Amino acid sequence: MKILYFAWLRSKIGVPTETVDLPAEVATAGDLVEWLKTRSPRHAEALANSKVVKVAVNQEHVPYDHPIAATDEVALFPPVTGG
Amino acid sequence: MKILYFAWLRSKIGVPTETVDLPAEVATAGDLVEWLKTRSPRHAEALANSKVVKVAVNQEHVPYDHPIAATDEVALFPPVTGG
Amino acid sequence: MAIRVQAEDFDVGAEYAAFTAGRTSVGGVAMFVGLVRDIAGGEAVSAMTLEHYPGMTERQLEAIEEEARRRWPLDDVLVIHRHGRLEPGDRIVMVATASAHRDAAFESCRFLMDWLKTKAPFWKLEATPDGERWVEAKDSDDAAAARWAE
Amino acid sequence: MAIRVQAEDFDVGAEYAAFTAGRTSVGGVAMFVGLVRDIAGGEAVSAMTLEHYPGMTERQLEAIEEEARRRWPLDDVLVIHRHGRLEPGDRIVMVATASAHRDAAFESCRFLMDWLKTKAPFWKLEATPDGERWVEAKDSDDAAAARWAE
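Residue numbers (our numbering), protein chains in the order written: chain A, 37 to 119; chain B, 37 to 119; chain C, 120 to 269; chain D, 120 to 269.
Bound conformation, chain A alone (with noise of 0.2 Å):
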């Protein structure tokens, strides 16, 4: 699965993408953002607060509890501040 980051989750992760091989008790995107916590103390880090930690599923916001499969384009991301 290609996972992307944005703004501070990309900074504080260090880089802008990763491709990852899921573990198949990895079904949400909630599940998904625990298990990237396991992967480096800098994904622990940037993910330490999920209430600031949105995803995106296929260019979608989606809830946690949203499925994910191996073949979507998930993006992690802060809360957004355009405009």
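One or more hints might be untrue.
[What the hints assert, rightly or not] A short, non-exhaustive set of chain D residues, derived as facing chain C with CB atoms under 7 Å:
| id | residue |
| --- | --- |
| 1 | V145 |
| 2 | V148 |
| 3 | G208 |
| 4 | F225 |
Just so you know, these hints were derived from the structure itself, not from any lab. Just so it is clear, the structure is predicted and the values come from calculations on it, not from any experiment. Backbone N, C-alpha and C fix where the C-beta goes; we use that ideal spot for every residue, glycine too.
Got chain A; can you put chains B, C and D on it based on the hints?
Coordinates of chains B, C and D only, in the frame set by chain A:
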């Protein structure tokens, strides 16, 4: 006293402005509207429905109980429709 | 601050450029431009003539602007209103407000338009296939202005 | 209809002119232009960099526009949002809506700005004397967007 008419009040009465000598008993904007009705059948018809006859004294909107003096600039017009 | 009542057309882009030139404290500019429609009340309109009360118009617009500045923190306000004969598609009015904050810009711009429609002494005469007719004041405009009563 | 996400600046006057050219059924155009302020949260801001999520940005803006057209009778909608490095006074965003009626134009323009601030994937990085900092989302923006919940 100089009186100005605008929009359909002007076209119904037939003049944009007229100068009148007020009798002493005409003390308010409302008195003036009533008194003007007696000047001609055109005045009477134009001013028949006082709901749609607005009064400004010295270029400020005023209610009918507003006092008027001979030196005031008084204007009568329908509800405004600009913008 | 600028209040202008004029027969001449105005250039929205040039007005916007002058309004914001050199400003770095403004976060948002809200603008409204009112135009002559080719249809009104179901009838075709070929032209519109705007009559106004010179002197009182400027006075009322200045009072409305002062009220807007009292209510919202505004960097600047622009109101241009035309009079005379206009055709469909022609610009009638432009209001622009600048503020550090977008809510203040949006609200003051709408406030100015609502008050202008109910306080500024302008009257519209429409030319239709059945002849000329004076536009009647709308209850909805009074209701819109009443929203802002303090 | 036009949604544009671009690094280049835009010309408000030219956009307005193109937006209204040849239209005679539009009674009002509401516009909002968002600009970079030289101060934010009490600190001087020398520059701002807007990051976005290409693809999702356009998708979200199109969805927001569709929603606005569903809610109000609009003749046209324009949304331009820049990304990249900007300086104080620079334009960030422009929204314009055209309708026969001014309330529809005003409300839809504000709706678009409120939703854009809470849904469109843009992030602002401010350069201040203390270094760079990511702008935090404001509760007031969420509250503004919540106004429009149906």
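Going through the hints against the structure:
1. The beta carbon of V145 (chain D) is positioned within 7 Å of a beta carbon in chain C (closest approach about 5 Å), and the interface hint is therefore held.
2. For V148 (chain D), the interface hint holds, the least distance from its beta-carbon to any beta-carbon of chain C being 5 Å, beneath 7 Å.
3. Among the interface hints, the one on G208 (chain D) holds; its C-beta lies about 4 Å from the nearest C-beta in chain C, closer than the 7 Å criterion.
4. Taken as an interface hint, F225 (chain D) checks out: its beta carbon lies about 5 Å from the nearest beta carbon of chain C, inside 7 Å.
Checked against the numbered hints given earlier, the structure satisfies every one of them.
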